[in-house]
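Asks: These protein sequences, in sequence, are chains A and B.
Read in order, the letters of the first sequence correspond to residues 1 to 620 in our numbering.
Read in order, the letters of the second sequence correspond to residues 1001 to 1351 in our numbering.
Quick caveat, the hints were computed from the structure, so don't treat them as lab data.
Note that the structure is predicted; figures quoted are calculated from it, not measured.
Here's a subset of chain A near chain B, in silico, CB distances under 10 angstroms, partners left out:
#1 Met37
#2 Ile247
#3 Ala292
With a cut-off of at most 20 angstroms between alpha-carbon atoms, the simulated SDA-like pairs for lysine to any residue come out as follows:
#4 A:Lys278 to B:Met1322
#5 A:Lys278 to B:Gln1339
#6 A:Lys135 to A:Arg10
#7 B:Lys1022 to A:Glu442
#8 A:Lys278 to B:Ala1332
#9 A:Lys229 to B:Ser1351
Note that beta-carbon positions come from the ideal geometry of N, C-alpha and C, so glycine has one too.
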Amino acid sequence: MSKQIVQLNRVVIRFAGDSGDGMQLTGDRFTSETAGMGNDLSTLPDFPAEIRAPAGTLPGVSAFQLHFADHDIMTPGDSPNVLVAMNPAALKANLHDMPRGADIIVNTDEFTKRNLVKVGYETNPIEDGSLDQFKVHPIALTSMTVEALKEFEISKKEAERAKNMFALGLLCWLYHRPTEGTTEFLKAKFGKNPEIMKANLRAFEAGWSYGETTEEFSIQYEINPAPMKSGTYRNMSGNLALSYGLIAASKLSGLTLFLGSYPITPASDILHELSRHKRFGVMTFQAEDEIAGVGAAIGASYGGALGVTTTSGPGVALKSEAIGLAVSLELPLLVVDVQRGGPSTGLPTKTEQSDLLQAMFGRNGEAPVPIVAPQSPSDCFFAAIEAARIAITYRTPVFLLSDGYLANGSEPWCVPDVSLLAKIDPNFATELNHEAADGTMEFWPYLRDPETLARPWAIPGTAGLEHRIGGIEKADGAGTISYDADNHDKMVRLRQAKVDAISRTIPELVIDDPDGDARVLIMGWGSTYGPIGAACRLVRAEGKSVAQIHLRHVNPFPSNLETILKSYDRVILPEMNLGQLSMLLRAKFLVDIIGYNQVRGMPFKSDELATVINDVLESM
Amino acid sequence: MTTDAFPALSLVPKAEALQTAKDFKSDQEVRWCPGCGDYAILSTVQSFLPDLGLKRENIVFVSGIGCSSRFPYYLDTFGLHSIHGRAPAIATGLATSRPDLSVWVITGDGDALSIGGNHLIHALRRNVNLKILLFNNRIYGLTKGQYSPTSERGKITKSSPQGSLDYSFNPVSLALGAEATFVARTIDSDRKHLTEVLTAAAGHEGTALVEIYQNCNIFNDNAWEPLKDTDTRDDLMMRLVHGEPIRFGKEQEKGVMRKADGHLEVVEVAKVGLDNIISHDAHAKDPGLAFALSRLSNPRTLENTPIGVFRDITRPSYDRLMREQIAEVTEAQGAGDLQTLLFGNDTWAVS
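This is chain A alone, in the form it adopts within the complex (with noise of 0.2 angstroms):
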């Protein structure tokens, strides 16, 4: 039968199940078919902290969402187009995000009365008419996907968890994809098993089928690629990006890239990914704590290397009398914080941007720490190249404030052409620098660049450079212990001054007002831009004016932020916590902030930052 096609600009797509459906796989399978197909995209994975929740249960599911059009967008979407539900669990924990005349599919197999008890439904929703406002799609995906293979040696436990293969062939057929990615995905996955990996592929062949014969399904859509700047494009996950932007600044610099880290959700796969890379002479030490982890990149850092650590809150508040050494030693070191919720053990797997405090913070003594924050997945192997840049060239700790959605979340990416990323330079201390008042020449370790202020890095193995530092107070210039007063307020003073001099090598902010009109600035920082910008075009799209500016320096500012801030009349700053930086920017600029804030371990939507945005430009 001929189906009858429609062009869609946009799309968002939300797999749901349980955990261990494999609706992650899914997703990431989807996404690289429409990666390749040339649209621009933006995922959101969101999954439970727990491995294995009980199977049908609520806590225990997973979800993908996906975003992807014919234009260039910049968030995983508000609200989905498409509901694909594995079970009543997945229905129920999503249906309150459906639109009303969304698309719903749902596993039927799954709805048995024991699994509706389990989520409390009394009745079945696909049948007592509570989903009439959805365009709902039932289809037997388990007990089809088990006719199909029916043919293999498999038992039928393996043949039903081959589902999410019928369902992914299924979404493919609707829209448009093509499937040789999938079809080598699963040849390469299950090659040590071909009786799995042939039933996966009739099992995604089968659900490609059934969208082409049922008449369940009358239309099939497409969705034009999206122009873009030439070049070539790959997909890129926030926490994959980090990890190449760090063996980028390791070649980039020359130095040994020294990772020590603990595992912690939602940052393990960063020392995951390294781990994989030491033909790049990267070196990963699992560490026994997450002390160990950021004080055995102090100790690398001492020699010579780039010593990173990764973690999350709960691990940044274990490093932080580490990273007070490291603020006192005045050593390059680079620390990854991927956000996630908090206090305590939060909300491991979901995000927010609630460390912002900490990183600034969250020490003892004075102790200034530069933050640099990716704004988008692919933006993370940029930040991560500057965080190393600075730490780098300024001799001090740089807080990399990545979150969950950034590391999870992933979009397309235009690679960038290695030899035109601007390099390093490490410029180690090799010679005496200080001549004494006996004429001899000596080495002083405090001694500072005038313009940098950042003190020489002179490593073990420099001849006539030996000298000893510590976290006791040092004298200005010879590095020595010194307790007097007046050195003490000098070097905390130089300190500070050394992290605001960064800002003389940080670009300007660029303000994104169109027309020029605006008297109402929104801004962010970190992984809000999405969502910010979003908001924006909405808001513009009604004929009205917003500015917008986003923050990768968090500390320290851009040296234009102040005069900004102060040539509009509102300024709206949402952010994923309870007002971090409105705090800070209120306290240093004394200006007011509107803030929007929100802690529900989710990104923000864009049509809530454009009522945001509304409601200011209507109360003025």
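With chain A's structure known, arrange chain B on it following the hints.
Replies: Frame of chain A, contents of chain B only:
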């Protein structure tokens, strides 16, 4: 002594000229309390370092916090005075990434066994190329006199006016339990023995733990005095020498015998006969003998205290294994190319 005596230091550049103790004295005024055992250890280490024949700039001393941890300031090598308990972790990063360095950790009973206990045991099991000198004075000195993890139970201190309730650690037993490949014990005032033990430690590939009985004359004076007093020491202390029967006493009249149930016992040699006295085997693969020896001493009276090298076995160091893994992967796959890495396997072109 030539550097050939230290194959474990083969990757560390050698000094071109002969060195003396004076070469290793820094210009910093030593600020321990007069009479502190640390002076003797410092002097011995300064005299011993020239024996290694290494370039001074390739030697690094890393310390934590406590009286002993000021040690690096007084040596004219590279030195890093870090934070409480973390020296083994910091030194692990340094030693792992720099095979051309001789890395030493200076720590105390509080620094290594209380706040830094976790790092100590993991450095030992990994066998990182570190030489850890643990100054044990059985008291907290820098915080002015609280009981430490090696203080005898019931000790009256500022923080334990009715006597401490804690059972103490035996650092040698702890290290052996943590899979250490080299464990030794020596005494601050015995320059000759301390030098011998340091020499053995320097020649060991991987982590060496050297417990040094050190006197704090301010807060815990004479803690080890029975082992130093010429009248008592020979009766209390047995000197372990690999391959030699374990005998001690003024007349060598005492010895160590293995009983039928497997445990060790101090016996009179004359009664059991020399054939029944066991010989020390520091190279035994199984740490059982070393551990049993470590349990002989009485923590209160110091009777039957062994000193010397308990265990010294060969196992590749962590840093060597890491270098080998990197070399193997690089050999098999070729050196990494950044541009290729960034492209990955799944790209598409937009023109």
